[in-house]
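Listed here are the chains, written in short residue letters.
Protein chains: 2
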Amino acid sequence: MSQQVIFTENPGGVVDTLISDMNPAGVCIIADSNTAHCVLPRLREESAKLKDAPVIEFPAGDGNKILSTLASVWEAMESNKLTRRSLIVNAGGGVVTDLGGFAAATFKRGLRFVNLPTTLLSAVDAAVGGKTGINFNGLKNEIGVFKEADAVVVSTRYFSTLPSVELLSGYGEVIKHALIDSSENLLRVLDYDISGNDLSALQNILCDSVEVKRRIVKVDPYEKGLRKSLNLGHTVAHAIEAQAMRNGVAVPAHGVAVVWGLIVDMVLSHMLLGLDSKWLHAVARYVRIHYPAMSVTCSDYTSLIELMRHDKKNTDTSSINFTLLEAPGKVVPDCIVSPDDIRTALDITRDLLGV
Amino acid sequence: MSQQVIFTENPGGVVDTLISDMNPAGVCIIADSNTAHCVLPRLREESAKLKDAPVIEFPAGDGNKILSTLASVWEAMESNKLTRRSLIVNAGGGVVTDLGGFAAATFKRGLRFVNLPTTLLSAVDAAVGGKTGINFNGLKNEIGVFKEADAVVVSTRYFSTLPSVELLSGYGEVIKHALIDSSENLLRVLDYDISGNDLSALQNILCDSVEVKRRIVKVDPYEKGLRKSLNLGHTVAHAIEAQAMRNGVAVPAHGVAVVWGLIVDMVLSHMLLGLDSKWLHAVARYVRIHYPAMSVTCSDYTSLIELMRHDKKNTDTSSINFTLLEAPGKVVPDCIVSPDDIRTALDITRDLLGV
Numbered sequence: 001m002s003q004q005v006i007f008t009e010n011p012g013g014v015v016d017t018l019i020s021d022m023n024p025a026g027v028c029i030i031a032d033s034n035t036a037h038c039v040l041p042r043l044r045e046e047s048a049k050l051k052d053a054p055v056i057e058f059p060a061g062d063g064n065k066i067l068s069t070l071a072s073v074w075e076a077m078e079s080n081k082l083t084r085r086s087l088i089v090n091a092g093g094g095v096v097t098d099l100g101g102f103a104a105a106t107f108k109r110g111l112r113f114v115n116l117p118t119t120l121l122s123a124v125d126a127a128v129g130g131k132t133g134i135n136f137n138g139l140k141n142e143i144g145v146f147k148e149a150d151a152v153v154v155s156t157r158y159f160s161t162l163p164s165v166e167l168l169s170g171y172g173e174v175i176k177h178a179l180i181d182s183s184e185n186l187l188r189v190l191d192y193d194i195s196g197n198d199l200s201a202l203q204n205i206l207c208d209s210v211e212v213k214r215r216i217v218k219v220d221p222y223e224k225g226l227r228k229s230l231n232l233g234h235t236v237a238h239a240i241e242a243q244a245m246r247n248g249v250a251v252p253a254h255g256v257a258v259v260w261g262l263i264v265d266m267v268l269s270h271m272l273l274g275l276d277s278k279w280l281h282a283v284a285r286y287v288r289i290h291y292p293a294m295s296v297t298c299s300d301y302t303s304l305i306e307l308m309r310h311d312k313k314n315t316d317t318s319s320i321n322f323t324l325l326e327a328p329g330k331v332v333p334d335c336i337v338s339p340d341d342i343r344t345a346l347d348i349t350r351d352l353l354g355v
Numbered sequence: 001m002s003q004q005v006i007f008t009e010n011p012g013g014v015v016d017t018l019i020s021d022m023n024p025a026g027v028c029i030i031a032d033s034n035t036a037h038c039v040l041p042r043l044r045e046e047s048a049k050l051k052d053a054p055v056i057e058f059p060a061g062d063g064n065k066i067l068s069t070l071a072s073v074w075e076a077m078e079s080n081k082l083t084r085r086s087l088i089v090n091a092g093g094g095v096v097t098d099l100g101g102f103a104a105a106t107f108k109r110g111l112r113f114v115n116l117p118t119t120l121l122s123a124v125d126a127a128v129g130g131k132t133g134i135n136f137n138g139l140k141n142e143i144g145v146f147k148e149a150d151a152v153v154v155s156t157r158y159f160s161t162l163p164s165v166e167l168l169s170g171y172g173e174v175i176k177h178a179l180i181d182s183s184e185n186l187l188r189v190l191d192y193d194i195s196g197n198d199l200s201a202l203q204n205i206l207c208d209s210v211e212v213k214r215r216i217v218k219v220d221p222y223e224k225g226l227r228k229s230l231n232l233g234h235t236v237a238h239a240i241e242a243q244a245m246r247n248g249v250a251v252p253a254h255g256v257a258v259v260w261g262l263i264v265d266m267v268l269s270h271m272l273l274g275l276d277s278k279w280l281h282a283v284a285r286y287v288r289i290h291y292p293a294m295s296v297t298c299s300d301y302t303s304l305i306e307l308m309r310h311d312k313k314n315t316d317t318s319s320i321n322f323t324l325l326e327a328p329g330k331v332v333p334d335c336i337v338s339p340d341d342i343r344t345a346l347d348i349t350r351d352l353l354g355v
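Quick mapping for you: the protein sequence lines, in order, are chains A and B.
For the first sequence, position 350 (counting from the first letter as 1) is numbered 350 according to my numbering, and the numbering increases by one without interruption.
For the second sequence, position 57 (counting from the first letter as 1) is numbered 57 according to my numbering, and the numbering increases by one without interruption.
Certain hints may be false.
[Claimed, not checked] Simulated crosslink set (DSS-like; lysine-lysine; CA at most 30 Å straight-line):
1) A/147 / B/218
2) A/81 / B/147
3) A/51 / A/81
4) A/228 / B/147
5) A/51 / B/313
6) B/224 / A/218
The set of hints was computed from the structure by calculation and includes no laboratory data.
With the rest of the complex left out, here is chain A (with noise of 0.2 Å):
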């Protein structure tokens, strides 16, 4: 498995010699109602194999990434009379990628699809490297596949656009690449001013953002090992998402909640595995300046440390596994982390951050 990702500033010239290639019976796109208003109409414009392709739209937000929203997906993917051999563009952020994805997987079971992350987010996490699904039950992504899609194509364009902290919480999938990469990488990256919008330099992150991801799923694409790098920060972000989502109050921007678990990972990591205090000081320098503060009080503890339980990353539910640092580039998959020391953590955090 290794993914075709295509950076271009011509997104809709990009799709269509793609669709002359693979061919299929008929194209389909899937949108939710922010792309369907502020990208379609332009890509379709630029695209002449889109320019009538039929939309499958539905309404924007992780809080619609449920299975109700999948089945009336599945629905209109039928009225629309899809075959095996029609084409599925997913053009949107990660929820649009996700769930069109998964859609796209099991329709029929399987048809082919292409991504057109339409966020900083999507384009650096989850159009790239097969995971797909929805949330089940209060819990993120519990149910899905792991199937790449046909193609990924990735404009800085879209990004313009966007609210400021939909940048961040890219942003903060960028940092954790650079954490798992080197700390060369992760100089450059803690060098690049988020809050400037500046798209033109961008753009060379972005692209070795992406290259750490696709180099690792590569590698293992079905996270039984070094794809585990990956999960640096999601455990305790997974929580603080699925926390805003039961309590029903504003669920955090994801890469948001990376960023504070990737504090919380590297506080973690000086006290378990001696990590260089040094880079745990730098990166929330940065994210004291730029990101919005923390939303976790010490009355969420518990409920958090229950959600971390119930992470996909646990072989059962009696431990809590982290992925942990050593150093920048050097990654600790499957550390069981106790209680005490995640509440510790979590302290120092808010600290550190200034909450």
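Fit chain B to the known structure of chain A by using the hints.
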């Protein structure tokens, strides 16, 4: 992909050995209400590893192979705290191995699973070859994935308590595999008296039959070419089943519908590809003696043909795709057949079967 299929008279012992080898974090059984009562008590007595395993049970019947059942199975997997290292044992007929296999393939993006088919039909068909899924919107197996069980444990012991129509149903797929394989295999299969209930003589025929399927699936797991052979009889069978579901009347046993479909396909093969009519008459005679009368009247033709247009095998809904035969052992996939020829073949089939 080459699937491990074990034929045994000691399924409990074989399952114990498999589980020891696979070393899962835990084991959970999925069964329907029939197998939970008829099969599990004895199986759990004979298997130390399954003795105390939790059971996820759902109501028997193809009408329950639907999304709401799947969602309740996912919920039960959640409440049984299954992790990615857990193992599912699907104990039942095709509904259990299809739905249980799909649940296992999608929960936390995939757990390992073992199939323990308890009917002749599932042993020879559903349990082997990796097609999992559910019915959706009244269409058979519309949602699913290709994912082979880690092992299939087959024992004819379970068949002795089956109603006779269930044996007939399974034998429909045995006849299909023989037609795909060779005239020698077909003659052997037509020489066996399926109404006689001699299970020891059935054992050899069963091994040969599963081997035909395994050989084909190994070459073409995702049904790009050769595997289409296995669709012999199924374009018509699926339409008959879907129509019964839509009309809310009793759905014929799958293999019984397949047998009727095989006769239609053999008539079409004679009309369009010159299949020697002696084979058609030999199979039709066997079906007339052993099988129930075909539940199709001329007033059903239009809606049956409409349903055939929606078959997954079609590349678009303007054509109807059949798998046909030049001779036993000589399969011709992707034959486009006109509605008029289908009507004629349905007429001739009803004559041949004495309806």
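Evaluation of the provided hints:
no.: 1; hint: A/147 / B/218; result: holds, 20 Å
no.: 2; hint: A/81 / B/147; result: holds, 25 Å
no.: 3; hint: A/51 / A/81; result: holds, 18 Å
no.: 4; hint: A/228 / B/147; result: holds, 23 Å
no.: 5; hint: A/51 / B/313; result: holds, 27 Å
no.: 6; hint: B/224 / A/218; result: holds, 24 Å
The structure meets every hint from the earlier list without exception.
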